[in-house]
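**Student:** Residue strings, one per chain:
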Amino acid sequence: MLMTDFIILVLGIAVLFYVLLGGADFGAGIVELLTGKRGIDTISKAIAPVWEANHIWLILAVVILFNGFPLVYTTLTTYLHIPLFIILLGIIFRGTAFTFRYYDTVKDNMYKYYTQLFRISSLLTPFFLGVILGAIMLGKIPSQVDGTFYEIFIAPWLNLFSFTTGIFLTLLFGWLAAIYLLGEARDDESFQTFAKTSRTFFVLLIVSGLSVFLVAEMYELNFFSRFLHSSVAIGCVLVATAIIPFLWAGIRHRNNLLTRFLASVQTACILTGWFAIQFPVMIYLADGTALTIQNSQAPERTMSLLVYALVAGILLIFPAFYYLFKVFKFSQNKQS
Amino acid sequence: MDDFLAARLQMTVSFVFHIVFACIGMTMPWLMFVAELKWIKTGRKVYQDLSKAWARGVAIFFAVGAVSGTVLSFELGLLWPKFMEHAGAIIGMPFSWEGTAFFLEAIALGIFLYGRNRVNKRIHLISGLVVGIAGVVSGIFVIAANAWMNSPSGFDWVNGQAINIDPIKAMFNNAWFQQALHMTIAAFASTSFAVAGVHAFMLLRHKGNEFHRGAIRIALAFGAVAAILQPISGDISAKNVAKLQPAKLAAMESLFKTSKPAALVIGGIPDEEKEEVKYGIHIPHLLSFLAHGDLNAEVEGLDKTSKENWPPVVIVHFAFQIMVFMGMLMMGAGILFLIFNFKWKENLDKRWWLKLLVWLTPVGFIAVEAGWIVTEVGRQPWIIYGIMKTKDAVTPMPGVQYPFYLITLIYLVLTFLVILLMRRQIFAVHMNSQNINAHD
Ligand code: HDD
Ligand code: HEM
Ligand code: HEM
Chain A
1 MLMTDFIILV LGIAVLFYVL LGGADFGAGI VELLTGKRGI DTISKAIAPV
51 WEANHIWLIL AVVILFNGFP LVYTTLTTYL HIPLFIILLG IIFRGTAFTF
101 RYYDTVKDNM YKYYTQLFRI SSLLTPFFLG VILGAIMLGK IPSQVDGTFY
151 EIFIAPWLNL FSFTTGIFLT LLFGWLAAIY LLGEARDDES FQTFAKTSRT
201 FFVLLIVSGL SVFLVAEMYE LNFFSRFLHS SVAIGCVLVA TAIIPFLWAG
251 IRHRNNLLTR FLASVQTACI LTGWFAIQFP VMIYLADGTA LTIQNSQAPE
301 RTMSLLVYAL VAGILLIFPA FYYLFKVFKF SQNKQS
Chain B
337 MDDFLAARLQ MTVSFVFHIV FACIGMTMPW LMFVAELKWI KTGRKVYQDL
387 SKAWARGVAI FFAVGAVSGT VLSFELGLLW PKFMEHAGAI IGMPFSWEGT
437 AFFLEAIALG IFLYGRNRVN KRIHLISGLV VGIAGVVSGI FVIAANAWMN
487 SPSGFDWVNG QAINIDPIKA MFNNAWFQQA LHMTIAAFAS TSFAVAGVHA
537 FMLLRHKGNE FHRGAIRIAL AFGAVAAILQ PISGDISAKN VAKLQPAKLA
587 AMESLFKTSK PAALVIGGIP DEEKEEVKYG IHIPHLLSFL AHGDLNAEVE
637 GLDKTSKENW PPVVIVHFAF QIMVFMGMLM MGAGILFLIF NFKWKENLDK
687 RWWLKLLVWL TPVGFIAVEA GWIVTEVGRQ PWIIYGIMKT KDAVTPMPGV
737 QYPFYLITLI YLVLTFLVIL LMRRQIFAVH MNSQNINAHD
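Heads up: the sequence lines are chains A and B, in that order.
Our numbering numbers the first residue of the first sequence as 1 and each following residue consecutively.
Our numbering numbers the first residue of the second sequence as 337 and each following residue consecutively.
Any given hint might turn out to be false.
Stated by the list, open to error - A short list of chain A residues far from chain B (calculated; beta carbon distances all over 10 Å): (1) N67; (2) S208; (3) F223.
What the hints assert, rightly or not - Listed next, the in silico DMTMM-like pairs over lysine to aspartate or glutamate satisfying Cα-Cα at most 25 Å (straight line): (4) K388(B) x D41(A); (5) K418(B) x E151(A); (6) K140(A) x E421(B); (7) K388(B) x D108(A).
Stated by the list, open to error - According to the in silico footprint, chain B covers these stretches of chain A (three or more CB under 8 Å from chain B): (8) 119-130; (9) 166-179.
To be clear, the hints were calculated from the coordinates, so they are not data collected in a lab.
All of these numbers come straight from a predicted model, not from anything done at the bench.
We treat Cβ as the ideally placed atom computed from N, Cα and C, and that holds for glycine.
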């Protein structure tokens, strides 16, 4: 049991870091949609050294899923084949377009196409990631292949609720990126641009968060009551709300390290709150049952070896990651 | 197109694409490391230029390698959910170790590519080494998973369920060592020869250029050693395949009838209907020797396997012949390089030698793709050898041909773009060799 909890904890951390770091890289593309030319240089320089490392959190999450919870992984890949495939397209286009744009030695028409592709895929991928999160909560995923193509492979994710969570996640990524970019801005004008963008995203984010709850009521998911019954979830909301004034102050005083930290804590609160009301379910199924942490985990021997691998991995990865960010992110802050 | 075929083709396209970037990702960090080391040791600026120029190329290859690898980690489930449902718990372990290796690789790469002016020289050099080691280690881990498909172990298969799972036994299965060795050497051989070929092409245009001469020397030092070791490692592989998957070996050699002693067939066109090989050159006793180390040993033919479980003989046979032929070419060139390097050094600048290197540019990668076709197609109809058929593992979703068309189209476009970008990089080095790392 303890082993499983540890693995779930690492899975949660991987998801959190993917949202905080990888998500912000996607968000940067979304921000670029709004700021246009002015943002490109800052954004390119900010992402280039770290996006590949940030991206691995996703791979870690996938590996934990198919090693520790193979049934969860195959259920997702079977019934959510289509949105997952769209995410893959987004990942391909985002990564390659960004790198090609950054490294091309000649600036011609291709540059424009790379830029378009980078921005569109930065928008598409988070949206469909959110759609998948919505589908996991909604409980329309079948437990066996039985029914029409639409019922099995489309309806579980093509619905209002999943789209609402998709929009929420997109806005979250965009907002995070705008906040992080404050620290990368080299001049006053771009700082103001990013500050304005972050405010816009924040307002939209709150509206969209509320609509997730409202739509959930329409689908009778009882989010409100499940929320009120979880002290962890309530705590998360309180902390996230309490942080807001400090965040504004941080932006005003241009304390970039503080704003980054506070925005990350808020995001962590949102995710933890969601984990708290989802736990211990991994996927809600259409027949009323669910794949839970307990009933979908791999045999004990596999789990214990996974624990060793994760512990060793964490001991190696975290110091290295800290060093990477020290070289490229924290030190930059001091210079500016 | 039927869904099963589409799924197999999509897998094939994805791997054929990814493996090129994987080979480059395992090898280039080592070449850059040596260039960097030479720069520190000799103080000659060409070596630093070389390391910087290579680094710019590597960043592009890495990005494409990372995204195509991510695609694979999803495709295993998107296309073969029944396989992953069972295999996940058994061979997930090497993948989880691989995850750690990827992390270190990506972090060290960030420091190596972008940190030249931010960290000190020693840390910069070490980060290059870490990229190289992590790349090779991650390759070895994935191979463990593939080797397990060829030689499943570490579980008991009872009524269509895996029980008594032991991931450690599964990882160190009987095919693991031979495949990991052969693949790692293949990565070095293929990438090094390709790099040498590109620089030889440029050297033909810019006679006596020290930059390209240095590049060729570093690349071929790796390439020659790898190319000479590869047939030895291939022989180890063949002996193991003879033991573990006799039907695959029989298909590789087009041996329809169990024979004692068995002759080696070189070339020829196998005919699955008539169960014979047309036009091949037969060398008596040699196959017995190659497969079992004994000139008179019996070699199991396809007749020992019921026909519905035969792999596609023609494809496997041709792929194997191509791999071995390419291997022989590279070994020959490798031996020549070593001879010239110790004696008759002047030959290394001769036009015929540079032209030969240009011709050999794609040879290693052709061998890699052919080798994988031998391994994967030769395992058919099994996805887990002797345990699960590939057709039973395929996704229940209809319409797989559409993602297949899309992925194929995208990878074709990406291939085109990567080639275009590389061309531009290579020519930019010449137009402006001081300014090649504008982003530092
Ligand atoms: C530079 C590339 C290269 C070269 C020159 C060779 N190979 Fe190879 N071969 C590969 C690259 C490769 C590969 C792509 O890396 C494979 C696919 C799976 C593997 O482990 O290695 C492979 C597989 C492979 C297999 C099947 C292993 C299995 O299914 O488990 C055999 C029997 C050989 N090789 C034998 C040889 C021989 C006798 C060679 C003599 C010259 C040779 N290879 C040259
Ligand atoms: C860990 C490594 C690998 C795993 C887990 C893996 C897995 C698979 C799976 C599940 C299939 C589908 C079943 C089949 O049709 O055989 C497949 C097919 C295939 N894979 Fe691999 N593979 C691995 C490595 C590679 C690599 C590196 C290549 C080389 C490019 C490759 C080339 C192919 C090809 C050509 C097929 C199609 C075989 C056919 O026509 O049926 N594989 N592989
Ligand atoms: C089932 C098969 C495979 C899966 C799921 C897979 C997965 C991945 C993933 C997720 C990445 C991106 C990691 C990063 O960003 O650095 C990657 C890259 C890489 N893969 Fe694969 N891979 C497979 C097959 C192979 C094989 C057969 C090899 C070679 C032996 C290989 C070697 C590499 C290497 C060296 C990289 C580093 C990135 C690069 O060099 O571009 N992979 N792979």
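**Student:** Please list, smallest to largest, the hint numbers that this structure does not respect.
**Tutor:** 1, 8, 9
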